[in-house]
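Asker: From first to last, the protein sequence lines stand for chains A and W. -10 is the number of the first residue of the first sequence in the working numbering; add one for each residue after it. 6 is the number of the first residue of the second sequence in the working numbering; add one for each residue after it.
Because the hints were derived from the structure by calculation, they are not lab data. Remember, predicted model here, so these are calculated numbers, not experimental data. C-beta atoms are modelled at their ideal positions from N, C-alpha and C, and glycine is treated no differently. A couple of the hints might just be wrong.
Below, in silico cross-link-like pairs of lysine-lysine (DSSO-like), each with a Cα-Cα straight-line distance of 27 Å or less [said to hold, decoys possible]:
id, chain 1, residue 1, chain 2, residue 2
1, A, K67, A, K31
2, W, K66, A, K31
3, A, K46, A, K67
4, A, K31, W, K54
Simulated restraints, written as ranges between beta carbons of each label pair [as the list claims (entries may be wrong)]:
id, chain 1, residue 1, chain 2, residue 2, range
5, A, M4, W, R74, 44 to 52 Å
6, A, E74, W, K73, 34 to 42 Å
7, A, M4, W, R27, 37 to 45 Å
8, A, E48, W, G21, 39 to 47 Å
Here chain A is said to cover these stretches of chain W; the calculated rule only asks that three of the stretch's residues, wherever they fall, bring their Cβ under 8 Å from a Cβ of chain A [as the list claims (entries may be wrong)]:
id, segment
9, 49 to 59
10, 87 to 94
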Amino acid sequence: EPEVTQTPSHQVTQMGQEVILRCVPISNHLYFYWYRQILGQKVEFLVSFYNNEISEKSEIFDDQFSVERPDGSNFTLKIRSTKLEDSAMYFCASSEGTVSYEQYFGPGTRLTVT
Amino acid sequence: AQSVTQPDIHITVSEGASLELRCNYSYGATPYLFWYVQSPGQGLQLLLKYFSGDTLVQGIKGFEAEFKRSQSSFNLRKPSVHWSDAAEYFCAVGDAVSSTLGRLYFGRGTQLTVWP
């Protein structure tokens, strides 16, 4: 069964460093998402991406964040200068369409900023 | 704005017992509702979804959920829990009528522990 994969599973970085989280969505999917979950809090939407551009972003997704689909298979989330409060589990998801289509989630990348 | 509340952070049940996980949502129109499950080291897996029609929805692994508009609830149930059901369960609502198509709003999750 096709699945969304994410690498790395755990990333430790120092405050102020740049990190890139990688995701490989399901191959025939067209919509891509990033969510995050700070420990003990809700899973929060960050951004959606379709047709090589951002469809929507939340208030969390400020100028420190960017997304890219550098090739036909990868979907990346970059945090330019990490802060302590960026420590969270980051989930990538993909879907064939919006609204009534299931979003398939990856296992997540745990980002720890020290 | 849309929001989802899962009042129970942690629930413990004995194997074979029935289960009900609560979910309440805040949304102005008819929502799209989802239950996801996450086992350790795994991604979020969809258990079931409600878009319209029959308010009792059947999902995978023997789970069902009932949409009750009057109570703004979408509680997840299983008549007999198995040890393998131990996981974290997330309720989510999707927006069908605004420009935020596809965006999901999640609850905080309920951790289920199953005793043998």
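Asker: Please write out, lowest number first, the hints stated earlier that are contradicted by the structure.
Answerer: 10
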